[in-house]
Amino acid sequence: MPRDQYARQSLGSTYRLVKESRVLLVGAGGIGCELLKNLVLTGFGEIHIIDLDTIDLSNLNRQFLFRQEHIKKPKALVAKEVAQKFNPGVKLIAHHANIKDRQFNLEWFAGFNIVFNALDNMDARRHVNKMCLAVDVPLIESGTTGFKGQVQVIKKDKTACYDCTAKTTPISYPVCTIRSTPSQPIHCIVWAKSYLLPELFGVSEDEPTELDHSGDTDNVEEIEKLRQEAQALKKIRESMGSDDFAKHVFDKVFKEDIERLVNMEDMWKDKKPPEPLSYETLEQEASSINSSIKLDGQRIWSPAENFIVFKDSLSRLSHRLAEEQSKASKTAQPLPTITFDKDDDDTMDFVAATGNLRAIIFGIETKSSFDIKQMAGNIIPAIATTNAMVAGLCVMQAFKVLRGEFTRTRWLWLWNGSLRTDQLEKPNPECPVCSVAMGRVHVDLEKATLNDLVQDVLRTRLGYGEELTVLTDAGIVYDPDLEDNLEKKLTDLDIEDASFILVKDEEDDNPRIDLRLAIEAKKPTDQSKPVALVEKEGETLDIPRRPTKEDAPNGGDVDGDDANGSVVTNGFSIAPPTVKRKRDLVDDDAASGTPAKKLQGPVAAEVAKNSALNAIVIDEDDGTLLIADDD
Amino acid sequence: MNGEHSLPDGSLPIENTNEVPQPAVNDPNAPNFIPFIPAVGNGFVPIPDPNFTNMTLPLNGVPSQMDAMAPTQTISADEIALYDRQIRLWGMQVQQRLRQANILLIGMRGLGNEIAKNLVLAGIGTLTVLDHELVTGEDLGVQFLVTEAHIGQNRAEAALPELQKLNPRVELYTDADDIKEKLPEYFHSFDITIATGLPVDVLCNINMACRAYGRKFYAADTHGMYGFIFADLCLHDFVVEKPRSNRPSKIGDMETPTRSVTAVDSKRENQTITDIIAYHETYTPLRLANLSPLPARSRNTRRSKMRVTPLLSCLRALFDFQSQSGGHLPVIRRPADLAMFTRLANQKHLELELLPETLRADFLRSFLQNLGAEISPVVAYLGGYLAQDVINVLGQKEAPLQNFLLFDGEDFTATQYSLHPINDDAMAMMNTNGLPMMPGPVPAEGPVTVT
Ligand SMILES: [Zn+2]
Chain A
1 MPRDQYARQS LGSTYRLVKE SRVLLVGAGG IGCELLKNLV LTGFGEIHII DLDTIDLSNL
61 NRQFLFRQEH IKKPKALVAK EVAQKFNPGV KLIAHHANIK DRQFNLEWFA GFNIVFNALD
121 NMDARRHVNK MCLAVDVPLI ESGTTGFKGQ VQVIKKDKTA CYDCTAKTTP ISYPVCTIRS
181 TPSQPIHCIV WAKSYLLPEL FGVSEDEPTE LDHSGDTDNV EEIEKLRQEA QALKKIRESM
241 GSDDFAKHVF DKVFKEDIER LVNMEDMWKD KKPPEPLSYE TLEQEASSIN SSIKLDGQRI
301 WSPAENFIVF KDSLSRLSHR LAEEQSKASK TAQPLPTITF DKDDDDTMDF VAATGNLRAI
361 IFGIETKSSF DIKQMAGNII PAIATTNAMV AGLCVMQAFK VLRGEFTRTR WLWLWNGSLR
421 TDQLEKPNPE CPVCSVAMGR VHVDLEKATL NDLVQDVLRT RLGYGEELTV LTDAGIVYDP
481 DLEDNLEKKL TDLDIEDASF ILVKDEEDDN PRIDLRLAIE AKKPTDQSKP VALVEKEGET
541 LDIPRRPTKE DAPNGGDVDG DDANGSVVTN GFSIAPPTVK RKRDLVDDDA ASGTPAKKLQ
601 GPVAAEVAKN SALNAIVIDE DDGTLLIADD D
Chain B
1 MNGEHSLPDG SLPIENTNEV PQPAVNDPNA PNFIPFIPAV GNGFVPIPDP NFTNMTLPLN
61 GVPSQMDAMA PTQTISADEI ALYDRQIRLW GMQVQQRLRQ ANILLIGMRG LGNEIAKNLV
121 LAGIGTLTVL DHELVTGEDL GVQFLVTEAH IGQNRAEAAL PELQKLNPRV ELYTDADDIK
181 EKLPEYFHSF DITIATGLPV DVLCNINMAC RAYGRKFYAA DTHGMYGFIF ADLCLHDFVV
241 EKPRSNRPSK IGDMETPTRS VTAVDSKREN QTITDIIAYH ETYTPLRLAN LSPLPARSRN
301 TRRSKMRVTP LLSCLRALFD FQSQSGGHLP VIRRPADLAM FTRLANQKHL ELELLPETLR
361 ADFLRSFLQN LGAEISPVVA YLGGYLAQDV INVLGQKEAP LQNFLLFDGE DFTATQYSLH
421 PINDDAMAMM NTNGLPMMPG PVPAEGPVTV T
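For the protein sequence lines, the chains are A and B, in the order given. For the first sequence, counting from 1, position 27 maps to 27 in the UniProt record's numbering; every step adds exactly one. For the second sequence, counting from 1, position 19 maps to 19 in the UniProt record's numbering; every step adds exactly one.
Keep in mind the hints are simulated off the structure, nothing from the lab. Since no wrong hints were added, every one of them can be taken at face value.
Residues from chain A that face chain B, not an exhaustive set, calculated with beta carbons under 7 Å: (1) 5; (2) 38; (3) 58; (4) 64; (5) 146; (6) 184; (7) 382; (8) 392; (9) 395; (10) 419.
All C-beta atoms, glycine included, are put in the ideal place defined by N, C-alpha and C.
Please construct the entire structure, taking both the sequences and the accompanying hints into account.
Right under this line is the structure:
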């Protein structure tokens, strides 16, 4: 029997839709590999796969399309090559590129029946969300973290979009906690990664996002002292390469700065004061250790071992920087720097050793370099099984999406083995992304001026009055008091292909809701008009009027009948707020008591178990645990 | 664990009953699966004491190899780098236990492919894949370890090269024998046996053979959008870490009729206190679970009954259908098959004390339509779930499946049903010497018909 025998049998008439579909898969990581396999085997007609990354050893425990010999090769290309063998009948197209590239414009997005997001960062997720909404292509959004995962279907005007719920912002720490009064391992690690390393090897003007300056005004004196300390460290940086560089650095940050802190007696009324370290003592202890032994990343190092790794990594980093600087000086490039990278052993060793030495000073528990890597690098645990389950659910949702059965799609949560379902939320009327009207314009970028857009499209075609404002990402480019730009070309205002502008109707009387217009570089068919509104046949762009206070939709009226269990633990929201309505479907497990209580259980357990996650130093990645796929 | 003589609910242990698998007598097409537990004298299983006079329970009392072998070898730096993202989730100790595990996987169709992939990626020690059938054309729609070139070759052997590429560190073996011809000793060497795609009689026999050696057993199967997983872990001890609760657990607490607390500990990290609770879980073999009622809380109100998936009745009906028809599936074009299946489904639904209106004709039709098929996203889900449960069980961390998981990919439900004999049932079961205690087929008078 043919290979599609079972799909025909099980899917019935849906199988034809599957076969004729054109889908986009964004991301060939943990979920992406699994999704691609499912899509290819099920027989989705044409599948585009896009990923910017290359393959790393730590991917191989779950990204099963990749093997040892593929390390450093582009994920998208290898994934295509391997998955094609699963079913030679489907058309696979791989893009080793960034989804935000302009070549992937609205017209390109509009060519797909479904887009699958299998991404590892919020920025790209937001971008795809916006693009799919702009061309009204359904998006199946997914993510996993350890044993947890979720799948959400996003369909314009029918369900909430990715940005309808606020996402957790990255965690940051008050400067004083990091620089003067650390109390947890993470504080010492952030100090090593975001203060010491950049001061010695980076551009110290770059403010790390992990430091929160909001409390600075309360501690003016201390902040000034800290500034002086940093200045002094810069001086020491000039002795890099000399024999006593390590001693200079050590004495500065582990002795003198600490002695200064100890003298601020007010600080240590309620806690044990820090104890400075002695370079000589540690050097003495270290001399009896065979420094050539490969230090075990799982074991917690002794002070002397940390000292050895400190000296060794400092010397490696110094040599590297010197080498790169001498190279750069010949080519007149900007001075190179070294920035933290969890997969760069030199920076990782440096952060682990200096963070631990600081922890010893403050009487804080030291950590293994394995654990420090996770905390400093924001590594999210990832396993094959959760990804496989989530990817399976994505495709089951896709069957319903292809049939247009959006009422039968669900918000799905995988929670330590149990599958929970919920109604998809209605769009949030306050959402900055999807509550606006959306339109597309074709623009002849060689000719078009702002006036062509404002007069021909907004006023003449769409009926806007005098009072309107046009904004780009950079700010206002037009309002009735700012007419200078009207004669400028759109390109001079940074309105380019694949960019968006926002139009606000400022009339007092019954104004329209905001309109987001997508700019597409394409000469309009009517040559006389350099800007033309894109409308599908038989459809006209209708921009609703802003609802008045009286008839404002009462948001959140979707079957709110379930128990209320808020799932914020330690002030750290793990899931979007909607989780309170999650219906627990593993209803036979009496172990966990009432559903509301059960919700509390695993959430808090997760926090406790991964207490490191509590204290993650988040880079640009998600703070929301549930939406992070691995890389 | 060795001191446990009775089930936590006070009933006697029901494993090791003297029941003997019954071959289908009247059907010439019955699976050629003569009770393989060697008959001694009276035809009873030789090693458990059928009269329960010896209450030391030697079988379940003997720790499996898995428990006995404390992880000794250290994991190399290369391995740590490879397994980095999972070690961060379950820790080094679990990873070491995985590496020592010896698993048997029966059936290498789509579901088997998924389970094998996940276990091999996770880094288990040894995996044996057993399948006596040959790769077919329709296999290619769901199996990613074989290609067109393999059609006609043995399924297990054909899948081996691609499976090995997923993780060269795992020791892989294939077995092209028919599982029905294996002696019970065969199952002795595996910590866990996973059986997929087999009729219920065969599953029950494998289950009892595993039990005879204190080995853990999983069964799973899929039909298009639907599927199930079953676990009989005999007696299983595991640890769960959870944040300190207001109602702390005490040793001896019965959290469910099958789960007791055996140790309580805690640890403190920064400001949070985490309880570390050790549990002991008692299991029921498939043959008994398949006859057991729903737990009280699933059937004591109309609302709770409404929530029970009709898939449970259909699955039991399918088990019986296969038992009575030599292992084959109902053929949708054969009116006699449809009538028989419908009658069985209604009967099972009534036995489960469920409401007639929850067994709808459209559901029956959909279930029958899907019979025998495998589709990639559903086997991916089931294979992911099962493999993770196996990993957790090997690592003795997290609560394992107890004991049925029913999956419905149309409705997005994956619900655990813990089906155990309640006291009276268990006693009755034992008193019948293992013969079926159910009445004969009831007349077809259910409200549901499939046309
Ligand atoms: Zn929105």
